[in-house]
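> Using the sequences and the hints given, assemble the complete structure.
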Amino acid sequence: AQSVTQLGSHVSVSEGALVLLRCNYSSSVPPYLFWYVQYPNQGLQLLLKYTSAATLVKGINGFEAEFKKSETSFHLTKPSAHMSDAAEYFCAVSLTTDSWGKLQFGAGTQVVVTP
Amino acid sequence: NAGVTQTPKFRVLKTGQSMTLLCAQDMNHEYMYWYRQDPGMGLRLIHYSVGEGTTAKGEVPDGYNVSRLKKQNFLLGLESAAPSQTSVYFCASSYLGQRNNEQFFGPGTRLTVL
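Chains A and B, in that order, are what the protein sequence lines are. Under our numbering, think of the first position of the first sequence as 1, with each following residue one higher. Under our numbering, think of the first position of the second sequence as 116, with each following residue one higher.
No lab work stands behind these hints: they were computed from the structure. We put the beta carbon where it would ideally sit given N, CA and C, even for glycine. There could be a bad hint or two in this list.
[Said to hold, decoys possible] Far from chain A by the CB rule (all over 12 Å, computed), these chain B residues:
no. : residue
1   : Gln132
2   : Ala171
3   : Leu190
4   : Leu229
[Said to hold, decoys possible] Reference excerpt, derived from the structure (chain A facing chain B, CB under 7 Å, subset only):
no. : residue
5   : Tyr32
6   : Gln42
7   : Gly43
8   : Thr51
9   : Phe105
10  : Gly106
11  : Gly108
[Unchecked claim] Which stretches of chain B does chain A cover? Using the computed rule of at least three CB atoms under 8 Å from a CB of chain A, they are:
no. : stretch
12  : 154 to 166
13  : 204 to 211
14  : 215 to 223
Spelled out as structure tokens, the structure:
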């Protein structure tokens, strides 16, 4: 079975500081992994995805994530936080038991950016 | 293009009432999904559809029914609402159900059941 664990339900960062959001996955086959962002009162939008082409994945708004098979991790980073990065972030893994594109989401991490 | 739209945005129901949530997409996507979002639990899949006229159960299907009569629309029904169904509901669609395909999400419907 596939699952995703996000460490830390809330993260507070200062503007200009590093943003690091942790995601660990469990999968019996090579996983496809996603990071989505949800701004207040909006739906989710894709930040980036890992589909085995490259272990370091660059996404929108300056975010990137590194796939580490040995650590079963897919942590999301941004070198310098901006006030507009305040949102909830979800890590997700594509289920492998069928080809219907179903995703298993983590519980989410709420990011607060302080001036 | 409007992308994925959901109707209504907000709704308050009394226990036992019924309602239908409408999801529409204008991207000609084959696959559509209904999720519910609850604090601390991320998004959980309720039902999904792999094409017009076909639906399947997801992780938490009890108490919900769905229909996909037209390719662009995916309806989620609550026949007899319960307080446990208080949640934010999201619809999503994707071009195909391949593992690396992005899902596009609607803005959500906030439902409160009293």
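> Hey, does Leu229 (chain B) actually stay past 12 Å from chain A on C-beta?
Given a closest Cβ separation of 22 Å, the condition holds.
> With a C-beta cutoff of 8 Å, work out whether three or more residues of the stretch 204 to 211 of chain B approach chain A closely enough for the coverage to hold.
It holds: at least three residues are needed, and the stretch 204 to 211 of chain B offers 4 whose Cβ sits within less than 8 Å of chain A.
> Report holds or violated for the interface hint on Gly106 (chain A), using the least CB-CB distance to chain B and a cut-off of 7 Å.
It holds, given that the least Cβ distance between Gly106 (chain A) and chain B is near 5 Å, below 7 Å.
> Classify the label on Gln132 (chain B) as holds or violated, using whether its beta-carbon is more than 12 Å from each beta-carbon of chain A.
holds, 25 Å
> Closer than 7 Å between Cβ atoms is the bar; does Tyr32 (chain A) clear it against chain B? Give me holds or violated.
Since chain B brings a Cβ to about 5 Å from Tyr32 (chain A), closer than 7 Å, the hint holds.
> Can you verify the interface hint for Thr51 (chain A): is its Cβ closer than 7 Å to any Cβ in chain B?
holds, 4 Å
> Mind checking the CB of Gly108 (chain A) against every CB in chain B and telling me if the closest is under 7 Å?
holds, 5 Å
> Should the interface hint for Gln42 (chain A) be scored as holding, given a Cβ-Cβ cut-off of 7 Å against chain B?
holds, 6 Å
> Less than 7 Å between beta-carbons is the criterion; does Gly43 (chain A) satisfy it with respect to chain B?
With a closest approach of 4 Å, the Gly43 (chain A) hint holds.
> Should the label of Leu190 (chain B) as a non-interface residue stand, given a Cβ cut-off of 12 Å to chain A?
holds, 18 Å
> The stretch 215 to 223 of chain B covered by chain A? Criterion: 3 or more residues, Cβ-Cβ distance below 8 Å.
Our answer is that it holds, as 8 residues pass the Cβ test (under 8 Å) against chain A, meeting three.
> Tell me if chain A covers the stretch 154 to 166 of chain B under the three-residue, 8 Å CB rule, please?
With 8 residues in contact (Cβ-Cβ under 8 Å with chain A), the coverage given for the stretch 154 to 166 of chain B holds.
In the structure shown, a violation is registered for the earlier hint numbered 2 alone.
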